[in-house]
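A.B. asks: Position chain Y against the provided structure of chain F, taking the given hints into account.
First to last, the protein sequences are chains F and Y. Anchor point for the first sequence: position 67 equals 67 in the working numbering, and the numbering is continuous, going up by one each time. Anchor point for the second sequence: position 55 equals 1055 in the working numbering, and the numbering is continuous, going up by one each time.
Calculated directly from the structure, the hints in this document are not laboratory data. Take the hints with a grain of salt, since some may be wrong.
Unchecked claim - Here's a subset of chain F near chain Y, in silico, CB distances under 8 Å, partners left out:
(1) Pro43
(2) Phe102
(3) Lys107
Stated by the list, open to error - With a straight-line Cα cutoff of 20 Å, these simulated EDC-like cross-link-like pairs (lysine to aspartate or glutamate) come out:
(4) Lys1044/Y <-> Glu1057/Y
(5) Lys1044/Y <-> Glu5/F
(6) Lys107/F <-> Glu1041/Y
(7) Lys70/F <-> Glu1102/Y
(8) Lys1062/Y <-> Asp1086/Y
We treat Cβ as the ideally placed atom computed from N, Cα and C, and that holds for glycine.
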Amino acid sequence: TQLLEQSPQFLSIQEGENLTVYCNSSSVFSSLQWYRQEPGEGPVLLVTVVTGGEVKKLKRLTFQFGDARKDSSLHITAAQPGDTGLYLCAGAETGGYQKVTFGTGTKLQVIP
Amino acid sequence: NAGVMQNPRHLVRRRGQEARLRCSPMKGHSHVYWYRQLPEEGLKFMVYLQKENIIDESGMPKERFSAEFPKEGPSILRIQQVVRGDSAAYFCASSSGQGPQETQYFGPGTRLLVL
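Pulled out of the complex, with its shape left as it was, chain F reads as follows (with noise of 0.2 Å):
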């Protein structure tokens, strides 16, 4: 079994601050997505990455999949209270069909 470690578990900022999600596994993924899910509902697809050193942009939003395709970062920049919410990375596993394996989460709360 797979296993992706997320870091930190919990993370409470203040509004404008930065921060950065670190998600990280021994194994290798053909792909990484980001979720956000808040609650009450289910998880919100924000990123795919595929190629490892992938960086892409959404906003404020910055990910990065690492080199070897085993971790991968996701870097808010200037937090507001919107982005509030339980930070999921998940993998597909290389060469299947797609078996996702999710993250242990990242809850982030944002004060204003």
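C.D. replies: Here is chain Y on its own, set in the frame of chain F:
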């Protein structure tokens, strides 16, 4: 993800009863995945189905749990003789294909509470 429908959104059962969770995938999607999420945790894969076929049920307990995706109608996750430990949020996702880069779109989930 707004296209994936799950019902009911909330389900309360007493120990020993049966729970049936339904999932209608996005239009045009023939691949369905079920996940379970405990509070403050990530999602755990349970089962992957295509129309009329179970492809991978390695994450699903062998007893009391079953899943189906008939030719017509929604996918059903069935839990027999529920126990308190079954209380969780159950999410279904659908995709149009099975490749590693196919995006899974999630429904809003069914929150099961076993009393």
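A.B. asks: A separate judgement is required for each hint: does it hold in the structure or not?
C.D. replies: Evaluation of the provided hints:
Given the 8 Å rule on beta carbons, the hint for Pro43/F holds: about 5 Å separates it from the nearest Cβ of chain Y. Given hint, Phe102/F at the interface with chain Y, holds; its Cβ is 4 Å from that chain's nearest Cβ, closer than 8 Å. At its closest, the beta carbon of Lys107/F sits 7 Å from a beta carbon of chain Y; the interface hint therefore holds under the 8 Å criterion. For the hint pairing Lys1044/Y with Glu1057/Y, the CA-to-CA distance comes to about 12 Å; that is within 20 Å, so the pair holds.
At roughly 13 Å between alpha-carbon atoms, Lys1044/Y and Glu5/F fall within 20 Å of each other, so this suggested pair holds. Among the hinted pairs, Lys107/F with Glu1041/Y is consistent with the structure: their alpha-carbon atoms are about 10 Å apart, no more than 20 Å. A threshold of 20 Å between alpha carbons decides the hint, and for Lys70/F with Glu1102/Y the separation of about 19 Å falls inside it, so the pair holds. Using a Cα cut-off of 20 Å, the hinted pair Lys1062/Y and Asp1086/Y holds, with the two alpha carbons roughly 14 Å apart.
Every hint, counting from the list given before, is met by this structure.
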